[in-house]
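Novice: One-letter residues, chain by chain:
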Amino acid sequence: MIQRRVIVVLAFVGLLTGVWGSPAHTAADRDKLLSEPGVYGTFAAFGLAEDWAKQDLPTRIAHLTAMKGVVEQHREKIAIDLYLLRGLSDHADILFRIHAAELRDTQKFLVDLQNSLMGRNLKGAGIMNGMAKKANYVPGFPDQVKADLKAASEHGPNPYAIVIPIRKNAEWWALDQEKRAAMMKEHTEAALPYHKTVKRKLYHSSGLDDLDFITYFETSKLEDFHSLILSLERVKEFQYTRRFGHPTLLGTMKSLDELIETLAQ
Amino acid sequence: MIQRRVIVVLAFVGLLTGVWGSPAHTAADRDKLLSEPGVYGTFAAFGLAEDWAKQDLPTRIAHLTAMKGVVEQHREKIAIDLYLLRGLSDHADILFRIHAAELRDTQKFLVDLQNSLMGRNLKGAGIMNGMAKKANYVPGFPDQVKADLKAASEHGPNPYAIVIPIRKNAEWWALDQEKRAAMMKEHTEAALPYHKTVKRKLYHSSGLDDLDFITYFETSKLEDFHSLILSLERVKEFQYTRRFGHPTLLGTMKSLDELIETLAQ
Amino acid sequence: MIQRRVIVVLAFVGLLTGVWGSPAHTAADRDKLLSEPGVYGTFAAFGLAEDWAKQDLPTRIAHLTAMKGVVEQHREKIAIDLYLLRGLSDHADILFRIHAAELRDTQKFLVDLQNSLMGRNLKGAGIMNGMAKKANYVPGFPDQVKADLKAASEHGPNPYAIVIPIRKNAEWWALDQEKRAAMMKEHTEAALPYHKTVKRKLYHSSGLDDLDFITYFETSKLEDFHSLILSLERVKEFQYTRRFGHPTLLGTMKSLDELIETLAQ
Amino acid sequence: MIQRRVIVVLAFVGLLTGVWGSPAHTAADRDKLLSEPGVYGTFAAFGLAEDWAKQDLPTRIAHLTAMKGVVEQHREKIAIDLYLLRGLSDHADILFRIHAAELRDTQKFLVDLQNSLMGRNLKGAGIMNGMAKKANYVPGFPDQVKADLKAASEHGPNPYAIVIPIRKNAEWWALDQEKRAAMMKEHTEAALPYHKTVKRKLYHSSGLDDLDFITYFETSKLEDFHSLILSLERVKEFQYTRRFGHPTLLGTMKSLDELIETLAQ
Amino acid sequence: MIQRRVIVVLAFVGLLTGVWGSPAHTAADRDKLLSEPGVYGTFAAFGLAEDWAKQDLPTRIAHLTAMKGVVEQHREKIAIDLYLLRGLSDHADILFRIHAAELRDTQKFLVDLQNSLMGRNLKGAGIMNGMAKKANYVPGFPDQVKADLKAASEHGPNPYAIVIPIRKNAEWWALDQEKRAAMMKEHTEAALPYHKTVKRKLYHSSGLDDLDFITYFETSKLEDFHSLILSLERVKEFQYTRRFGHPTLLGTMKSLDELIETLAQ
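Residue numbers (our numbering), protein chains in the order written: chain A, 8 to 272; chain B, 8 to 272; chain C, 8 to 272; chain D, 8 to 272; chain E, 8 to 272.
It should be emphasised that the hints constitute simulated quantities derived from the structure, not laboratory data. Any given hint might turn out to be false.
A pair counts as met if it fits within one copy or between any two copies, since identical chains are not told apart.
[As the list claims (entries may be wrong)] Below are the SDA-like pairs computed for lysine to any residue, each with C-alpha atoms no more than 25 Å apart in a straight line:
| id | residue 1 | residue 2 |
| --- | --- | --- |
| 1 | Lys157 | Ala189 |
| 2 | Lys141 | Met191 |
| 3 | Lys115 | Gly147 |
| 4 | Lys157 | Arg37 |
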C-alpha cells in the first residue's frame, strides 16, 4: 500500500509521466556522445546517507524532484545514464555514467547535483574517469569477424550493467607494440562468442585516475557475461593485469523515473 | 527476565509461532533453487547500526516484524537463509544467503529490505554474488568415491556456517585444462574424509564480484572443518590461490524466528 | 578526588568486593579449559564508543554493572580473561580472551554482552578464533629440554599480554612434514631461553578466521619478550610467514573488577 | 534563481569584487616561490563535512568569508593556489597548493584555516609535502630541445590540474647515477611532444611524506595529458615505480573568488 | 583580536606562565630517560574530534587545562614531549612522545588523558611502541668518526620532528650477523654528513608493534633531513626494508604551553 501511495504522489508531481521540463530542453546528441572517440566517460557512484531511510515521503519526493531537475537540465549538454547498484554491489547504491565532450561539463553536473537538495543524501563512493578512443580493430581478422564485431549487441530492457576497472602492470607497457597487438587479437577472439548478448565499451584512463582502463558491460544474460570473463581470464594478456575490479560494480540500468520510483519507496 | 518478556511479546505478534502470512504465500521451490545449476547465490552481510542498541523493545519488535514481512513475501520466489555472525565474525552481525533464478529478484528483495522500517538499522557490510554450476566430478574416481561424494552431508540443527571467498591467480587460469583437472582431483581426494560431517557448496563468481569462487560450508563439527581446510592448504592447487578469505565469515545458521528472537533481546 | 569517589561508589554496588553473584554460580573448570586440547579460544577486542567519555559516573557504573553481570553469568560455562589495551594499542580499548568447549557458547556470551546496557558503548574492533591442540613437542630433544618446556612460565600480577596473529604462506604448507618439523625444532630451540619469563599459548585458526595461528604471550619482562621475537625472526621458519601481526595487540591483564575500575574513572 | 541570489550576496560582502583586504596586504613574491629551488610545496586536500550541505546561505557566506580572510592574510608570505576536485576526484572536494620558504609557514596557514569558522566544515583528506629542486636538465640534449624545455607551457583560464604522487622502488635507488640519468633522459624525450600544452612541476618528497616525488600538471587539453602519461608508462624508468597515484587528484584550477562562489551555492 | 583574548585568558588560568603545579612536583629524570638503554618510547598520535572546532573558548580552555594537569602530574615519572602535526601530516593533529622505564606507566598516562575532560576531544590515530637499546657503534670506524657520532646534534627552538616506522623483510633477519653489520656500517657512513644538523634516535619495536624499528628525527633544516633520507635510500641495507613510513609523521616540536595556545585558538 505504501508503494501505491508513492506512485500516486510521484504521478502528481509529474515524476512518472516525464512531462517535467522535457519540452523546454534540447537534449544533447546522446548517440554521438556514446559512440564517438574523444568523448570523456565518468562513472560516479554514490551511497545514500543513513538519514535517507528516516525521512518521510514528502521530503524524499522533494529531494528526488531536485535531482530530477538537475539531471534534466544537464542532459541538454551531456549524456547521463543511471543504474541501481543497491542490493547487488556493496560499494554504492546508485551509479551515474556520464558522457561529455569536456570533463568540466561533467564536473558542473556533479557539483550541481551535490549542491542540490538531494546532495545532502548522497555520499560519494567513487569516481572513475576515462576517454573513448577509436576502436583499433586488430588487423588480420576475416571480414566476417570484423562485421560481427561491428554489429550491435542486443539485450532487453533494464539490463544488468557491470563496470570493471583495470590496471596493467609495467611489463605490459614495456612490451613492443607487435606483441601487445598479438595478445589483443587473442583477447578479441576469446570475446567474440559473447558479442551478441554482451555489449562492451572501453574507456582509457591512464592519468585521469588510478587506472589504465574502465571496461563497461551491458547484458540481459549474466551467465554469458560470466563465461566471457572466464574466457578473458584465460588469454595471455590477462597475466599482465595488475588490478581487475576492486571494485567490480554490478547493477541494473534504470531510467531516471524508474530510479526515482525505487528510491522514493 | 527481559528475555522472558521478549518472548511473550514476540509470541503476541505471532513472530514465534510463524502464523504471520505463511498460509497466503506459496513458497519458492527451495530444494530446486539450492540444488540446480544456473541458480545465483548472493551473500549479503549487514551490521546493526549503533542506534539499534538504544531502541526500546516495542520499536525493535516493530522493525523486526517489518523485516519478517519482507523476507516472507520474497520467499515466494527466492530462497533465503539466515545466519547470526555477531560474536564470531567482526565483519558483520547478520548474513543472508539468497538463491534466485535471476539476480534482479535478489536485488528486489534487498532493496525492499533496506526500504523497510528495519532498513535504517542495517549497515551494508558486504555483498558477494556467485552462480551454481553443474558439479563436474573429476573423472577417474572409483564408483564408491563417486557415490560417497553424491551422498548428502549431515549435521544437527543450527550448524556453524562458514563462507570463504577465493580468487585464483593468473597462473591458474593460464594452466591447460588437464593440469587444472589433475589438481582438482587431488583437491577432491583431500576433502573426501570430511564429506560426511562438513557440507560444501561452490559458487562461481568471476565477473560478478572481485572473486573467482565463493566456498560455503555447514557443519556441527568445527574441528572437522578446520582439519578439512588444513588438508586443502596442503594440496598443490592451493599455491595458485591469490585470496583465501578476507573476509572469512563464520556464524551459526538460524531460522527467521530464531534470528529475530536473538536480535530483539 | 574523582578517583576516590569512583571507588566509594564501586564498593557500594559491590563491584570491588566481588560479592555480586559469585555464591550462586558454579564456575566453569577454568584450568581445564585453559590447558586441554580441542578447546576454542576467541579474542574479541572492543573500542569504547565516543559517547562513553561524555557519560556521567552513575550511568557508567550502571553500564559496567551490566557488563559484570553478563561476564559472571557466562563464567559458569566458559573461561573469560580481560585485558586493557587502551594506551598501548591503537586497535581497541579492551580485549576479552574466551575459552569454550564450543564456539556457540562464546557467541552466546558476546551476543549477550552486546545486547546488555554496556553493549551500546562497545564498538567491535576485531574477533579472532582458534583452537588449542595437543602440543606436539618436537621429538629428539634431550629430556632436560622437554622438562624445561613442560615447566610453567612465571610472572607477577597484571602481566603484559601480547596477541600476534600469524598466516603462513602457501610454500609452508606445501613442504613435506619432515622439513616443517625440522624447522619447528629450530624455532623451539630459539624460544627456549625465554621460556621461564615469557608464557606462550598457541591457537590453530585455519578456516576459523583469515589466519593460520594466533600466538599469545604473557610476561612481566617485556624486554625478554622483545628478545624472544627477535630470535624467532631469525630462524628459517620465519621466512614462510606471510602475515605476522596486523594487528599486534599489546595490553595489560586485569581482573574484572580492575578493568571496571579503570573504565569507570 | 538561487544562483543569482548567491551572486548578489557575495557581491555585497565584497567576495566577488575582491576589494576585501587586498590594498592593506603586501603579496608574497609568488613568481619567486613558484620558480625557485629550495621552496616547499604542500598539497592539502579537504572534503566538505556532511553538515555543509545543510547550512543556510548566510552561514555558508560567513564561513567562506572567514576562509577568504585567512587565505588573503597568509598570501602576504606564502603562495596559495586553489582547485575544485569535487565531481572529478572522489578523494576530496577542494585542494590547496601552497608554496613557502619554510614548511612552518605552511603549517601556520593550515592551522589558522582549521581554527577559523570555515574549519568546522573541512575534513582533512590528505596532505603531501615536497620540495622544489634545481631542474637538472639531462646533459646531451641538443640546444633546441633545451630551449624548448625552458619555454613556458601554455593553457587557457581554469585549466585542469592533476597531482600524481610517485614512489620509486629500492632497485631504482640502488642503480648507479649514470643508469638513472640515461633513463631520465629517455623519460624527458618521451615527454617532450607534450611540453607546449601540458605544464609540469616536480616536487621531491623523500622523508617528508610516504613518497619520493609529487608530480603536478596543468593543461587545457586533457587528451594531451593522457597521451603524455601513456608515453611515460612506456619508458624503462616506469618499471622502477612502486606507486603511481593512489591517489591521482584531478580537478580544475579556480581563483579564490571562483571557488567561494562554487561552494556558496 | 580573538588571539589576544585567548592569551589573556590563558595567562589568567596560569597556562602560559607555567606556575600551575610545577613547584609541587618532582620531575622525572628526563635526561636519563631520553638517553639510557632499556627505556621504552611510545608515540601516541591523536586527531581532534569534529566537535572541538565548535566549542566555545571557555570550554576549550577548561579541557586544555585538564590535559595540562594530566601531563604535569605524569611528568613526575615519565618524560613527555609534544608535537603539532596538524597542517603537515594528515594522520593526526597532535603527537605525544613518551619515555618511561615501564610501558605500564605510559599506559597509565594515556588512560588518564583519555579519561580526563580533554579525552572526549581526542580520537586515537595511532600508537607505536619501541625500546631504546645501547647504540652498538659499528666497529672499525676511525676515532674521529666515533667522536663525531657521539657529539650532540644541534638545532634551534621548535624544530621539525619526523617519525618513520620501519619493518625489515625476512631476508634481512636471515642474514648472518657479519653481513648485517657491514651494511649497517655503510648506512652509518651515509648518514654521517648530516649528523650535525639532524638529530636521530632509534627505537626497537619487534613484537611490541607491527614494526621492527621506529626512527625519530629532529632538525631545523628540513632540506638536510631530506638529503639524509635520500642517502639512506641508496645504501644496500635499504633493499631489505619492507615498510618505510606508512605513516611518516611530520610536525613541529612544541612546549606544553605552546601546544595549548595553538589548540585554544
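Novice: For each hint, tell me whether it holds in the structure or not.
Specialist: Hint by hint, here is what the structure shows:
no. : hint              : result
1   : Lys157 <-> Ala189 : within (20 Å within a copy, 40 Å between copies)
2   : Lys141 <-> Met191 : within (15 Å within a copy, 31 Å between copies)
3   : Lys115 <-> Gly147 : neither (43 Å within a copy, 46 Å between copies)
4   : Lys157 <-> Arg37  : within (19 Å within a copy, 43 Å between copies)
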